[in-house]
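Enquirer: Now for the letters of each chain:
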Amino acid sequence: MSNEQTEKVMDQKVEKSPSGMKIFWKEVLRDKLALLSLVFLVITTIAVFGVSVLLDKEEIVRVDPFAIYLPPGEQFILGTDQGGRDIFGQLIIGTRNSLSVGLLVTLMSGIFGIIFGVVSGYFGGQVDNIMMRIVDFFMVLPNIMIIIVFVTIVPKYSVLTFSIVMSAFLWMGIARLIRSRALQEKELDYVQASRTLGSSHTKIIFKEVLPNIMSLIVVTMTLNLAANIGIESGLSFLGFGFPQDTPSLGTLLSYATNPTTLEERWWIWVPAAILILVLMLAVRNVGEALKRAADARQRRAS
Amino acid sequence: MWKFIVRRLLITMPQLVLLSLLVFVMASFMPGDAFTGQIDPNISPEAIEEQRERLGLNDPWYIQYADWVGNLSKGDLGTSTQYHRPVSDLVWERVVNTFWLSLLSVIFIYAIGLPLGIVSGRWNDRLIDQIITGYTYLGFATPIFIFALVTLWVFGFHFGWFPTGGSVASGLDPGSLEYILSKLNHLLLPALSIALIGVVGTVQYLRSEIIDTKQKDFIVTARAKGAPESRVYNRHIFRNSVLPIAAFFGYEITMLITGSIFVERIYSYPGMGNLFIQSILLRDFPVVTAVVLLFGLAAILGALLSDIILSIVDPRIRIK
Chain A
1 MSNEQTEKVM DQKVEKSPSG MKIFWKEVLR DKLALLSLVF LVITTIAVFG VSVLLDKEEI
61 VRVDPFAIYL PPGEQFILGT DQGGRDIFGQ LIIGTRNSLS VGLLVTLMSG IFGIIFGVVS
121 GYFGGQVDNI MMRIVDFFMV LPNIMIIIVF VTIVPKYSVL TFSIVMSAFL WMGIARLIRS
181 RALQEKELDY VQASRTLGSS HTKIIFKEVL PNIMSLIVVT MTLNLAANIG IESGLSFLGF
241 GFPQDTPSLG TLLSYATNPT TLEERWWIWV PAAILILVLM LAVRNVGEAL KRAADARQRR
301 AS
Chain B
1 MWKFIVRRLL ITMPQLVLLS LLVFVMASFM PGDAFTGQID PNISPEAIEE QRERLGLNDP
61 WYIQYADWVG NLSKGDLGTS TQYHRPVSDL VWERVVNTFW LSLLSVIFIY AIGLPLGIVS
121 GRWNDRLIDQ IITGYTYLGF ATPIFIFALV TLWVFGFHFG WFPTGGSVAS GLDPGSLEYI
181 LSKLNHLLLP ALSIALIGVV GTVQYLRSEI IDTKQKDFIV TARAKGAPES RVYNRHIFRN
241 SVLPIAAFFG YEITMLITGS IFVERIYSYP GMGNLFIQSI LLRDFPVVTA VVLLFGLAAI
301 LGALLSDIIL SIVDPRIRIK
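Top to bottom, those sequences are chains A and B. Going by full-length UniProt numbering, 103 is the number at position 103 of the first sequence; the sequence numbering is gapless. Going by full-length UniProt numbering, 69 is the number at position 69 of the second sequence; the sequence numbering is gapless.
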């Protein structure tokens, strides 16, 4: 190649492949529903955490016998419950609590599941065989039930222990997914090359394999967040979620097990039901957009 | 195939042992023992201690575990601290109700899921498919308890078309036609609530499976040989895609258990799920242990059944 040609090539602008963030934004901007969901989530999170700082928690959970079952009106925007407590305030605090526990459980179960899955897939063979039988076992159990039992027998019950119990039985899905990707990943040349250069297994797993499957991790954790919000509110609905004095979205719904409340006092449970649905859908929409951004085959042609 | 079945059975054994250990550990963490609710305050502590010794409550855990498993194999699940009756009797009354609820839910799931999945796979990306896909998208995100609450509110209370609780109207002769019809009437709404949410997975799986199969060589061959479109779908594609669905039945059991806990609670239907929640609230732990054990057993055996059926209808599984 002559010098001239080389210069010509050098002159040409090298087009870098777009970064992950860029692809994600492109995908979100194209998908109006995902954009709407993202905006909604950001606003709700900020509003809920912001307003709950201003709200007086004691004031909201205090029982007021003179304001029982008030319909929505001037004093209480969304009325009151059987204890005369403000539904709107409970809704704000409930959303904050549900979101926080959802995030905490997603993180804890995610970290454990990812490590379990990546180790199982990376080593393969007999190790993988045994670890996956363990996953199979936990996967098939009726986990909601077992969580309920542990929630009742765990000593010193708090939001943290509740989240730990939940995470302990919800890590299998992500472990299985990560494991099957790690199985493919370890056959790739870069792992072999790194091995030949003498890298330790720990270094390959955490510094090389994990970053390469990051997109899968982010997508799965987002979708898990939606599921966990649902599971938490379901447990709170049955009365096995948050400790008694901490409202959650599920707690508001559990008031609807009273037939009269279900039939006539819609303001107590309908807003919470809608909020749970919209939250879960919004998180899922963002997750789906992430999924499309992460997988070139699903990405729409630009 | 036999090799696969034997290997699958071998995997089930440790699963059962693990389940029994898990439940045993759970039970030993629960407050109270065989005496809870039965102790007469006039009995001296020495006498109680003597009884404890006699019943083996002071033995090391592995002996207690062995005793416990021994009792289980004899069908002895202990005594309810709340009702002072054998747990097995209590559970038996409820199992029947939950069995009917689950059976009807499964029938609904297949009756709704198969047509929807086939239609949406056959005419994919048409309007009808978009509607069905929209439904599965919403259904996937809807927690079952919210859906059940809303159906109860709308069809049970607002329109009053269905009973809002219980499993049968009172004052009817067991075995008479009215009795059976009343049972069915009480079952319809809870079963539909489980089915309309539980069906989502089936529809999504069937849709993608059919879209996949549509372009396979053997379908192209069938078309090239001049088989009419209806025959291509009803015979070639149907056989290939629907049989695996039928085999997922066993895996649905875990979903049905979760569904029954919420739905039985909401419809105050006297089944196992409701018994479980009540016993937890009443701290009746022998019953709780029994229900968890039975549901866990059902789930494990269901998965076993699914895998065996799947290995018969889909030889690809066996090779692995």
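Think of the hints as simulated: they come from the structure by calculation, not from any bench. Glycine included, every Cβ here is placed at the ideal spot set by N, Cα and C. Please note: incorrect hints may appear among the correct ones.
Unchecked claim - In silico lysine to aspartate or glutamate, DMTMM-like type, Cα no more than 25 Å apart, as pairs:
hint: 1; chain 1: B; residue 1: Lys183; chain 2: A; residue 2: Asp295
hint: 2; chain 1: B; residue 1: Lys214; chain 2: A; residue 2: Asp295
hint: 3; chain 1: B; residue 1: Lys74; chain 2: B; residue 2: Asp89
hint: 4; chain 1: A; residue 1: Lys32; chain 2: B; residue 2: Asp125
hint: 5; chain 1: B; residue 1: Lys216; chain 2: A; residue 2: Asp295
hint: 6; chain 1: A; residue 1: Lys203; chain 2: A; residue 2: Glu187
hint: 7; chain 1: A; residue 1: Lys186; chain 2: A; residue 2: Asp295
hint: 8; chain 1: A; residue 1: Lys291; chain 2: B; residue 2: Asp314
hint: 9; chain 1: A; residue 1: Lys207; chain 2: A; residue 2: Glu263
hint: 10; chain 1: A; residue 1: Lys291; chain 2: B; residue 2: Asp89
hint: 11; chain 1: A; residue 1: Lys26; chain 2: B; residue 2: Asp314
hint: 12; chain 1: A; residue 1: Lys26; chain 2: A; residue 2: Asp295
hint: 13; chain 1: A; residue 1: Lys207; chain 2: A; residue 2: Asp128
hint: 14; chain 1: A; residue 1: Lys291; chain 2: A; residue 2: Glu208
hint: 15; chain 1: A; residue 1: Lys291; chain 2: B; residue 2: Asp129
hint: 16; chain 1: A; residue 1: Lys291; chain 2: B; residue 2: Glu209
hint: 17; chain 1: B; residue 1: Lys3; chain 2: A; residue 2: Glu263
hint: 18; chain 1: A; residue 1: Lys32; chain 2: B; residue 2: Asp129
hint: 19; chain 1: B; residue 1: Lys3; chain 2: B; residue 2: Asp212
hint: 20; chain 1: B; residue 1: Lys3; chain 2: A; residue 2: Asp136
To be verified - Partial selection, computed: residues in chain A whose CB lies under 10 Å from chain B:
hint: 21; residue: Leu36
hint: 22; residue: Val140
hint: 23; residue: Pro155
hint: 24; residue: Tyr157
hint: 25; residue: Leu160
hint: 26; residue: Tyr190
hint: 27; residue: Val191
hint: 28; residue: Ser199
hint: 29; residue: Ile231
hint: 30; residue: Gly234
hint: 31; residue: Gly239
hint: 32; residue: Phe240
hint: 33; residue: Leu253
hint: 34; residue: Trp269
hint: 35; residue: Leu277
hint: 36; residue: Arg284
Said to hold, decoys possible - Coverage of chain B stretches by chain A, computed from C-beta distances (three or more under 8 Å per stretch; other residues unrestricted):
hint: 37; stretch: 88 to 97
hint: 38; stretch: 148 to 161
hint: 39; stretch: 190 to 197
hint: 40; stretch: 230 to 242
Enquirer: Hint by hint, note whether the structure agrees.
Expert: We went through each hint and held it up to the structure:
1. Lys183/B with Asp295/A: violated (50 Å)
2. Lys214/B with Asp295/A: Roughly 23 Å separates the two Cα atoms, so the pair holds.
3. Lys74/B with Asp89/B: holds (14 Å)
4. Lys32/A with Asp125/B: holds (19 Å)
5. Lys216/B with Asp295/A: The given pair, whose Cα atoms are some 24 Å apart, holds under the 25 Å limit.
6. Lys203/A with Glu187/A: holds (16 Å)
7. Lys186/A with Asp295/A: Given pair Lys186/A, Asp295/A holds - Cα atoms ~19 Å apart, limit 25 Å.
8. Lys291/A with Asp314/B: The hint is violated at about 30 Å.
9. Lys207/A with Glu263/A: With Cα atoms ~56 Å apart, Lys207/A and Glu263/A exceed 25 Å; violated.
10. Lys291/A with Asp89/B: violated (50 Å)
11. Lys26/A with Asp314/B: This hinted pair is violated, its Cα atoms lying about 41 Å apart.
12. Lys26/A with Asp295/A: It holds: about 13 Å lies between the C-alpha atoms, which stays within 25 Å.
13. Lys207/A with Asp128/A: holds (21 Å)
14. Lys291/A with Glu208/A: Measuring from Cα to Cα gives roughly 21 Å; hence the hint holds.
15. Lys291/A with Asp129/B: Roughly 22 Å between the alpha carbons, so the hint for Lys291/A and Asp129/B holds.
16. Lys291/A with Glu209/B: Roughly 20 Å separates the two Cα atoms, so the pair holds.
17. Lys3/B with Glu263/A: violated (57 Å)
18. Lys32/A with Asp129/B: holds (21 Å)
19. Lys3/B with Asp212/B: Given pair Lys3/B, Asp212/B is violated - Cα atoms ~30 Å apart, limit 25 Å.
20. Lys3/B with Asp136/A: holds (20 Å)
21. Leu36: Hint violated; Leu36/A Cβ to chain B Cβ min 15 Å, cut 10 Å.
22. Val140: holds (5 Å)
23. Pro155: holds (9 Å)
24. Tyr157: violated (13 Å)
25. Leu160: violated (18 Å)
26. Tyr190: violated (27 Å)
27. Val191: violated (23 Å)
28. Ser199: violated (31 Å)
29. Ile231: This interface hint holds because 8 Å falls under the 10 Å limit.
30. Gly234: Because about 5 Å separates Gly234/A from the closest Cβ in chain B, which is inside the 10 Å limit, the hint holds.
31. Gly239: holds (7 Å)
32. Phe240: For Phe240/A, the interface hint holds, since the closest Cβ of chain B sits about 8 Å away, which is under 10 Å.
33. Leu253: holds (7 Å)
34. Trp269: This hint holds: Trp269/A lies near chain B, its Cβ roughly 7 Å from the closest one there, short of 10 Å.
35. Leu277: holds (6 Å)
36. Arg284: holds (5 Å)
37. 88 to 97: As far as the stretch 88 to 97 of chain B goes, the hint is violated, because 0 residues have Cβ atoms under 8 Å from chain A.
38. 148 to 161: holds (count 6)
39. 190 to 197: violated (count 0)
40. 230 to 242: With 0 residues closer than 8 Å to chain A, the stretch 230 to 242 of chain B misses the three-residue bar; violated.
Consistency note: the structure conflicts with the earlier hints numbered 1, 8, 9, 10, 11, 17, 19, 21, 24, 25, 26, 27, 28, 37, 39, 40.
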